[in-house]
Amino acid sequence: MIKIAITKGRIEKQVCQLLAKQGFDMDPIFHKDRELLIETKDGIQMIFAKSNDVLTFLEHGIVDVGFVGSDTLMESDYDDYYEMLDLEIGKCFFALCAYPEYKEKHFERRKKIASKYTKVAKEYFARQREDVEIIKLEGSVELGPVVGLSDAIVDIVETGSTLKANGLEVIDKVADVSTRMVVNKVSYKYKRDEIFKLINALKGEE
Amino acid sequence: MEEFKYLIPEESTDAASLDATKLRSIESQLRSLFQSHGYEELMLPTFEYANLYQEIRNDNEESMFEFVNGEGKLITLRADFTVPIARLYNNAHTSATRRYSYFGKVYRIQERHKGRSSELYQGGMELLGKGGYEGDAECLALVEASMKSIGITNPKLELGHAKFFHRLETLVQDDRLRYILDKKANSRMKSFVEEKGFTGSLKELLLKLPYSFGDIEDLKKMKDIIDDDILLEAIDEMIAMYDISTMKEDMVFDLCMVPTQNYYTGIMIKGYSYYSAYAILSGGRYDKLLSYFDKEVPAIGFSYHLNTLLEALSKEDEAND
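Protein chains in written order, with the working numbering: chain A, -4 to 201; chain B, 28 to 348.
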C-alpha cells in the first residue's frame, strides 16, 4: 500500500492521466464525486488536497508520496523530503512583473512588492541585493500595481493574459516552475520498490 | 483576560504530552546498557554561550533560545549535547579514551504551527579518543543493542558516510551538489551533470546516486562503477560495519546522505521505525569536532530522539490493537 497526496485540480488530472496511460487503475479517481480519499486496485491510496497541505501531510508521515508544484516547495519552510522526479508538466514560471515604466524608473525609496509568495519574493530580491518592502496578497496579485498598493509583483506567469489585460509585463524571470514528485524520507526506507515503480511509470519506463 | 490560567505557551505544547512513564522506562534501559559498557553519565549545563554553537554548528541562529546574561554576554539554552561534551573532554586535558552518556533536553525554536516540539528529549553516548574501525564497531554494537532492548519492530538501520560526500564535493566543486544529493533530486542531477559537462565514471556515478539507496547488494554493485580510491574506501568502511552487524536484515545504505554538521568525518548512522516520519536515532563519526578546540581527537557518538521514538512506539501500539 502506498499513500499519495496530490494537489487538487490540474496536477491531479495530469498525474492521474500519466498513471492511467501506464496501466494503473485510475477509474475510481476519474469517476470520483466528492470523496477526499480513494483506494485503487493497484494498492494506491490517494488523497486530494490543497498544495500546501500536500506538504503538511507528507511532513507528518500521513502520506508517502506527494505531487505538488515546485512553487509550493519553494515557498514552504519544510524541506526534509526527497524530490525524486520533475514531471515536467504544469510548466510555468515565477516572474517580477510591473508596468513597463518600472524598468526605467529610479526609486529613491524602498520599492513595494506585492506577492502571494513572500518567501520567493524575499529571496529573489536578496539575490539582487535589493532591500524592498514585501506585501502579502492572497489572490489577484496583479491588483497591487493596478490600485497603486505596490510598484511591482512577484507572481506565477502561465499564459500572461491577466498581465496583458492590465497593462503589466514581465520585467524579470525569477524561477521555473513545474510539477514534482516528493517522497517522505522514512517512507522511502520502507517502500523503495513501490516508489520506484511509480517513478518509472511516470518517467514512461517499465 | 488571564490566559496564563489555562493556556500553555506554544513552545511547551508537545513537551506537556510526553508519556513520562514510558520515557523513564526507555531511559533506564539505555542507562543500564551504557553503564554496563563503561559509559559515565554526565549532567550538562542548561545554559551555554551562544558562540559555542555558532562557531561550530550549522544551526540557524534563529533556532536557539538566546538571552543576554548579567555580563552582557549572549547565552542560549543548550541546543545540542555533543559540542558541550567535546568541550568537557578538552578541559580534561587528556587524549585518553573516554566514554560518556547523557540524558536530557535540547531546546530549539521550531516553526510555528508545524507540530514540532521545541523541547527535544535526547539520550545518547559519545566515545572520544577511539578512532577508526574499532570505535565505529563499538558505537554500532551499542546502537544495535539499544534498538533491540527498546524492542522496535521492523526497524531500519541506515548507514551513510561523510567521507564519501566530502570526496564527491572535492571532485564536483559545486555547492549545488549538497542540495541535489540531500533531495535525491534525480531530474536536477541530470541537468546538473549535463551543464557541468562531467564525463566517464564520475558522470555515471552521479547519475546513479539519486537511486542508489538500498541493501548491501545494491551498495556492493555501486563499487563496480567507482574508480576513486577515497570513495571506495568509504564504501568498504560501510561494508565492514555490515559484516559485524547483528541486524543485517534491517540494514540499508544511503550514499546520498549529507552530513548535517561540518565536523562529521566518517560513518553516519540513522535509525528508523516504520511508525515515525523522522529518524528515531542519529549519529556518526566526528573526528574534526575537537579541532575547534585545537586538538586532534577522533570521536563517534549517537543519540535517540526520544520524543520521536515515544510517538512511534505509541503509534505502533495503536496499530497492533
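Keep in mind that the hints are not guaranteed to be accurate.
Residues on chain B that point at chain A, a partial pick, calculated with CB under 7 Å [to be verified]:
1. Tyr206
2. Lys211
3. Lys275
4. Val279
5. Tyr301
Honestly, the hints are just simulated from the structure, not real lab data. Just so it is clear, CB atoms sit at the ideal spot from N, CA and C, and this is done for glycine as well.
Hint by hint, here is what the structure shows:
A cut of 7 Å between beta carbons decides the hint on B:Tyr206: the least distance to chain A is about 9 Å, and the hint is violated. Proximity of B:Lys211 to chain A holds as hinted, the smallest CB-CB distance being about 4 Å (cut-off 7 Å). For B:Lys275, the suggested interface contact is broken, since its CB lies about 16 Å from the closest CB of chain A, more than 7 Å. Interface restraint check for B:Val279: the shortest CB-CB distance to chain A comes to about 6 Å, inside 7 Å, so the restraint holds.
The interface hint given for B:Tyr301 is met, as the beta carbon of that residue sits about 6 Å from the closest beta carbon of chain A, less than 7 Å.
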